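K.L.:
Spelled out from the first residue to the last, the chains are:
Protein chains: 2
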Amino acid sequence: MDTEMKSFSITPVEAGSLVTPKGFSAAGIHTGVKRYRLDLGVIYCEVPASSAAVYTLNKVQAAPIKITKDSIAQEGKLQAVIVNSGNANACTGKRGIEDAYTMRKETAEIFEIPEHYVAVSSTGVIGEFLQIDKIINGIKKIKALTQVKFDAAERFNEAILTTDTINKRACFQTTIDGKTITFGGAAKGSGMIHPNMATMLAFLTTDANIEPEWLQKALNQVIDVTFNRITVDGDTSTNDTVVVMASGLANNVTLTDAHPEWDRFIVALKTTCEQLAKKIARDGEGATKLIEVQVKGALNDEDAGKVAKSIVGSDLVKSAIYGTDANWGRIICATGYSGANINPDTIDISIGGIQTLKDGMPIPFSEEEATQYLATENIMIYVDLHLGDGFGKAWGCDLTYDYVRINAGYRT
Amino acid sequence: MDTEMKSFSITPVEAGSLVTPKGFSAAGIHTGVKRYRLDLGVIYCEVPASSAAVYTLNKVQAAPIKITKDSIAQEGKLQAVIVNSGNANACTGKRGIEDAYTMRKETAEIFEIPEHYVAVSSTGVIGEFLQIDKIINGIKKIKALTQVKFDAAERFNEAILTTDTINKRACFQTTIDGKTITFGGAAKGSGMIHPNMATMLAFLTTDANIEPEWLQKALNQVIDVTFNRITVDGDTSTNDTVVVMASGLANNVTLTDAHPEWDRFIVALKTTCEQLAKKIARDGEGATKLIEVQVKGALNDEDAGKVAKSIVGSDLVKSAIYGTDANWGRIICATGYSGANINPDTIDISIGGIQTLKDGMPIPFSEEEATQYLATENIMIYVDLHLGDGFGKAWGCDLTYDYVRINAGYRT
Numbered sequence: 022m023d024t025e026m027k028s029f030s031i032t033p034v035e036a037g038s039l040v041t042p043k044g045f046s047a048a049g050i051h052t053g054v055k056r057y058r059l060d061l062g063v064i065y066c067e068v069p070a071s072s073a074a075v076y077t078l079n080k081v082q083a084a085p086i087k088i089t090k091d092s093i094a095q096e097g098k099l100q101a102v103i104v105n106s107g108n109a110n111a112c113t114g115k116r117g118i119e120d121a122y123t124m125r126k127e128t129a130e131i132f133e134i135p136e137h138y139v140a141v142s143s144t145g146v147i148g149e150f151l152q153i154d155k156i157i158n159g160i161k162k163i164k165a166l167t168q169v170k171f172d173a174a175e176r177f178n179e180a181i182l183t184t185d186t187i188n189k190r191a192c193f194q195t196t197i198d199g200k201t202i203t204f205g206g207a208a209k210g211s212g213m214i215h216p217n218m219a220t221m222l223a224f225l226t227t228d229a230n231i232e233p234e235w236l237q238k239a240l241n242q243v244i245d246v247t248f249n250r251i252t253v254d255g256d257t258s259t260n261d262t263v264v265v266m267a268s269g270l271a272n273n274v275t276l277t278d279a280h281p282e283w284d285r286f287i288v289a290l291k292t293t294c295e296q297l298a299k300k301i302a303r304d305g306e307g308a309t310k311l312i313e314v315q316v317k318g319a320l321n322d323e324d325a326g327k328v329a330k331s332i333v334g335s336d337l338v339k340s341a342i343y344g345t346d347a348n349w350g351r352i353i354c355a356t357g358y359s360g361a362n363i364n365p366d367t368i369d370i371s372i373g374g375i376q377t378l379k380d381g382m383p384i385p386f387s388e389e390e391a392t393q394y395l396a397t398e399n400i401m402i403y404v405d406l407h408l409g410d411g412f413g414k415a416w417g418c419d420l421t422y423d424y425v426r427i428n429a430g431y432r433t
Numbered sequence: 022m023d024t025e026m027k028s029f030s031i032t033p034v035e036a037g038s039l040v041t042p043k044g045f046s047a048a049g050i051h052t053g054v055k056r057y058r059l060d061l062g063v064i065y066c067e068v069p070a071s072s073a074a075v076y077t078l079n080k081v082q083a084a085p086i087k088i089t090k091d092s093i094a095q096e097g098k099l100q101a102v103i104v105n106s107g108n109a110n111a112c113t114g115k116r117g118i119e120d121a122y123t124m125r126k127e128t129a130e131i132f133e134i135p136e137h138y139v140a141v142s143s144t145g146v147i148g149e150f151l152q153i154d155k156i157i158n159g160i161k162k163i164k165a166l167t168q169v170k171f172d173a174a175e176r177f178n179e180a181i182l183t184t185d186t187i188n189k190r191a192c193f194q195t196t197i198d199g200k201t202i203t204f205g206g207a208a209k210g211s212g213m214i215h216p217n218m219a220t221m222l223a224f225l226t227t228d229a230n231i232e233p234e235w236l237q238k239a240l241n242q243v244i245d246v247t248f249n250r251i252t253v254d255g256d257t258s259t260n261d262t263v264v265v266m267a268s269g270l271a272n273n274v275t276l277t278d279a280h281p282e283w284d285r286f287i288v289a290l291k292t293t294c295e296q297l298a299k300k301i302a303r304d305g306e307g308a309t310k311l312i313e314v315q316v317k318g319a320l321n322d323e324d325a326g327k328v329a330k331s332i333v334g335s336d337l338v339k340s341a342i343y344g345t346d347a348n349w350g351r352i353i354c355a356t357g358y359s360g361a362n363i364n365p366d367t368i369d370i371s372i373g374g375i376q377t378l379k380d381g382m383p384i385p386f387s388e389e390e391a392t393q394y395l396a397t398e399n400i401m402i403y404v405d406l407h408l409g410d411g412f413g414k415a416w417g418c419d420l421t422y423d424y425v426r427i428n429a430g431y432r433t
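Residue numbers (my numbering), protein chains in the order written: chain A, 22 to 433; chain B, 22 to 433.
Calculated directly from the structure, the hints in this document are not laboratory data. Just so we're clear, the structure is a prediction, and the values are computed from it rather than from any experiment. Each hint should be verified, as a subset may be incorrect.
You can't tell identical chains apart in this list, so a pair holds if it fits in one copy or across any two.
[Unchecked claim] With a Cα cut of at most 30 Å, we get these calculated BS3-like pairs of lysine-lysine:
no.: 1; residue 1: Lys-87; residue 2: Lys-317
no.: 2; residue 1: Lys-161; residue 2: Lys-126
no.: 3; residue 1: Lys-55; residue 2: Lys-87
no.: 4; residue 1: Lys-379; residue 2: Lys-80
Same shape as in the complex, but just chain A (with noise of 0.2 Å):
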């Protein structure tokens, strides 16, 4: 990523968020559901900001999943994005629906907003109905709270959490027509909320001028190898969701892959996904370590991530770091059942800066070295397939008690 953020000029921007980038304000609000942090959030764009978002693959999905799809489907456009933690409104059958739809009307009254403008997202408990009536009174408080600009953000991102430990952030500007484009995000991660499972909720913002569908377009590039990349247990909830806005406002030429700087919107986009990912990766349930695999020499790219991500899925693999014991058996076996064309006589494997494996046999180290890199917090491990030029990356997180000990909890 470093080196394509030098070569297309991506700068980050230090204290941005999702409200910096043109036309976009935000706020977070107590409404109950959760007995004392914040659990209700809203992102405004003051224009209908051209949409695109990407849903959870599992076949059981959230009402709420229901109703963004629906409207996004209308004109592709969105001015509000409304998101509940606490409960989930999953499995939850005829009036789940009907409670999300309840969400979106109430929003788009108290915007002035049609309501096909407005999408919904819900984290949380599974199987419980919504306590609709606290959220439709932090619905009619929250238009006012999206003034304050001090905080807005934060309050936004903590108030989509679960039990992430950490706030979510990243911001990120490039130059597109000679014009400043801000990427803003938020994203919740792989905490889970008593009594049921991760969610990863990640809420996109850009001033950037491109059509529904070519933000669709990138959207689906560029996840494939940010969110598609990380796994904190390998369940996929019913209520993942990414979604994007584009207020159009830095008012740059329309972007479509004819412009010429498409590549650096891509890429500009990616660096924003890959940042959230990276902080949800780093903060799965119990983690002490963000495990980023990066694979090179496969056959395509495709291979290269299939590769990355069996890796950085493997329990095996995620305890041995834990566990600082720089297992390269684990790593080679994760490779050979990763579903990717492989040759065992032709892998390396490092960890960190220490190879371990050559042409597929091991080579002497230094365990003392590796032991003490593995102790690390960001552990990097490398995989040269040589076969040909694919190449991708995955992150995940360490195997520990407290991953046990969080999802072992009897619900209280």
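Add chain B to chain A, keeping to what the hints say.
P.N.:
Coordinates of chain B only, in the frame set by chain A:
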């Protein structure tokens, strides 16, 4: 299985083992590859036995797998299987292949049989060369031990274990053409051996009369619903192997699918494999419980199997069961991402006798009763998809602190 066993008159033999079928003997010996425990085992058949095998799908395959494939490919007959534990002879290149051939040659010589009547199997550390001299010494002594009948199967079983906590054996009988046909088996399971991954090995014996090609067909059919339906951590090792040998000494009419009792043969073989598979799952690393998932109402058996495996493979489900939490939300979630055809609105879920979900919606149940049930050692999960007649089972174990402890433990 129980219903099938009754309708096909298949009976367990309590004290039986892989030497109960006519023609087989076995032994286990300590060669010094492991410090204290038995580490070399042999199964010997007094006649060339029709043989078949299946192997790991991992593209990184240990050296002995190549040698066993070569042996069986020649005539489909085996008279001896030599197995060492403590070292997997994987990622050992040319020298590993040579060592595995040496094991085959030495075994053939001592038993005075052709080399291609010998299969070779290894389990243990990856990436270290075999201490082949110790193993050769062991092979030279092991033939004499096959004459000792007392505890022979137990000693073989022990010699193939790694971090398994119990010996795993099975024995069943049925009647074909009025003759008693016996099936025996031994397995090692999902104990990790320092410093590498779990390996599954299973060796089956029978005195049925059957040609190699039909034995292979039977094994393929049975493997899919037994050994391929267990999971401990989703990692597939480089050494996984299942071998079956049929001495023919029961003198039934040669079995093919045209034989009127072919189905009985299949069910008896399946019953033996299923018992070994369940013992492997129950003895997964750190496990305190066996989990069995039964799925019915799928569009077809394949889909039922997908759902069952997805549930039993979910870290979130496994952690919840460790924590005695009747977390049906994680079960429906794993159903949704299984890849099988499902309708979220027609799913029923029961945990033991306690129904928690009907038509995709939660129904009230006694948490106390559920917790009591989940504190037992054999956990049943029932899923009904209400779409068709497809049925399938899968087995696994809970995810515990001890799994992490065992797998994070630094290599000594």
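K.L.:
All the hints need checking, so say for each whether the structure fits it.
P.N.:
Here is what the structure says about each hint:
no., hint, result
1, Lys-87 / Lys-317, "between (39 Å within a copy, 28 Å between copies)"
2, Lys-161 / Lys-126, "within (11 Å within a copy, 82 Å between copies)"
3, Lys-55 / Lys-87, "within (24 Å within a copy, 59 Å between copies)"
4, Lys-379 / Lys-80, "between (42 Å within a copy, 17 Å between copies)"
When the structure is compared with the earlier hints, no violation turns up for any of them.
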